[in-house]
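Trainee: Use these hints to put chain B onto chain A, whose structure you have.
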Amino acid sequence: NAGVTQTPKFRILKIGQSMTLQCTQDMNHNYMYWYRQDPGMGLKLIYYSVGAGITDKGEVPNGYNVSRSTTEDFPLRLELAAPSQTSVYFCASSYPSGQGYSPLHFGNGTRLTVT
Amino acid sequence: GNSVTQMEGPVTLSEEAFLTINCTYTATGYPSLFWYVQYPGEGLQLLLKATKADDKGSNKGFEATYRKETTSFHLEKGSVQVSDSAVYFCALTDFNKFYFGSGTKLNVKP
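Just so you know, the protein sequences line up as chains A and B, in that order. Following my numbering, the numbering of the first sequence begins with 1 at its first residue and continues without gaps. Following my numbering, the numbering of the second sequence begins with 116 at its first residue and continues without gaps.
Next comes chain A alone, as it looks inside the complex (with noise of 0.2 Å):
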């Protein structure tokens, strides 16, 4: 299994520029979340999918935009890229559990600069 898959590995971006960070999974996982990681700060969650069709915000939303039309995929979408969204980006997948345990599976990430 690939698990989770994110694209790109790496990207500078300039001021004012848009972008997608794209993530897979073929886990037939329900929920899919989208971190980002900022320099000796944990994980901060962005936004979140219980599944397809359906999106929440999480902790720090602002300049960031999802979609799931399929349970496979989940894209984040930079609109006006700014430096303070230079972070290492994580994808992750869960299914429901009724114990309200199941971990995430994370992909490896994407490293984005803004500059």
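Source of the hints: derived by calculation from the structure; they are not laboratory data. Don't take each hint at face value.
In silico lysine-lysine, BS3-like type, Cα no more than 27 Å apart, as pairs [to be verified]:
(1) Lys57/A / Lys44/A
(2) Lys224/B / Lys44/A
(3) Lys192/B / Lys220/B
(4) Lys171/B / Lys183/B
(5) Lys9/A / Lys212/B
(6) Lys14/A / Lys57/A
(7) Lys175/B / Lys220/B
(8) Lys192/B / Lys175/B
(9) Lys171/B / Lys212/B
(10) Lys44/A / Lys167/B
(11) Lys183/B / Lys224/B
(12) Lys175/B / Lys224/B
(13) Lys167/B / Lys224/B
(14) Lys212/B / Lys183/B
(15) Lys183/B / Lys44/A
(16) Lys192/B / Lys57/A
(17) Lys167/B / Lys192/B
(18) Lys224/B / Lys192/B
(19) Lys44/A / Lys220/B
(20) Lys57/A / Lys9/A
(21) Lys9/A / Lys171/B
Mentor: Relative to the frame of chain A, chain B by itself:
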């Protein structure tokens, strides 16, 4: 609300030393607790988990016990190896939303 606090790093140890990384949490419900590990250039990988009070999670020589009375989930390993050098994250989940600590970098010297 929900939050996770873990000790700041970096933690530097010699090979075969004993490791403890402290983690405490605040939660409104009955969370499940996790430790994730991140090796350089990679995403986070699940290291171990515990779903209820007094559960002990273990994997690859690492252990952590879910202590509800002290709201803690400290990570321990009796004898670390150079290959354990990584960043370790404590996390909790409450109804499939995850909350992470800031991470603790571990450096193990030969």
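Trainee: Are the hints correct? Go through all of them and say.
Mentor: Here is how each hint holds up against the structure:
{"no.": "1", "hint": "Lys57/A / Lys44/A", "verdict": "11 Å, holds"}
{"no.": "2", "hint": "Lys224/B / Lys44/A", "verdict": "31 Å, violated"}
{"no.": "3", "hint": "Lys192/B / Lys220/B", "verdict": "15 Å, holds"}
{"no.": "4", "hint": "Lys171/B / Lys183/B", "verdict": "12 Å, holds"}
{"no.": "5", "hint": "Lys9/A / Lys212/B", "verdict": "25 Å, holds"}
{"no.": "6", "hint": "Lys14/A / Lys57/A", "verdict": "25 Å, holds"}
{"no.": "7", "hint": "Lys175/B / Lys220/B", "verdict": "18 Å, holds"}
{"no.": "8", "hint": "Lys192/B / Lys175/B", "verdict": "9 Å, holds"}
{"no.": "9", "hint": "Lys171/B / Lys212/B", "verdict": "22 Å, holds"}
{"no.": "10", "hint": "Lys44/A / Lys167/B", "verdict": "25 Å, holds"}
{"no.": "11", "hint": "Lys183/B / Lys224/B", "verdict": "34 Å, violated"}
{"no.": "12", "hint": "Lys175/B / Lys224/B", "verdict": "19 Å, holds"}
{"no.": "13", "hint": "Lys167/B / Lys224/B", "verdict": "35 Å, violated"}
{"no.": "14", "hint": "Lys212/B / Lys183/B", "verdict": "20 Å, holds"}
{"no.": "15", "hint": "Lys183/B / Lys44/A", "verdict": "25 Å, holds"}
{"no.": "16", "hint": "Lys192/B / Lys57/A", "verdict": "37 Å, violated"}
{"no.": "17", "hint": "Lys167/B / Lys192/B", "verdict": "21 Å, holds"}
{"no.": "18", "hint": "Lys224/B / Lys192/B", "verdict": "15 Å, holds"}
{"no.": "19", "hint": "Lys44/A / Lys220/B", "verdict": "18 Å, holds"}
{"no.": "20", "hint": "Lys57/A / Lys9/A", "verdict": "24 Å, holds"}
{"no.": "21", "hint": "Lys9/A / Lys171/B", "verdict": "36 Å, violated"}
Against the hints set out earlier in the document, violations occur for numbers 2, 11, 13, 16 and 21.
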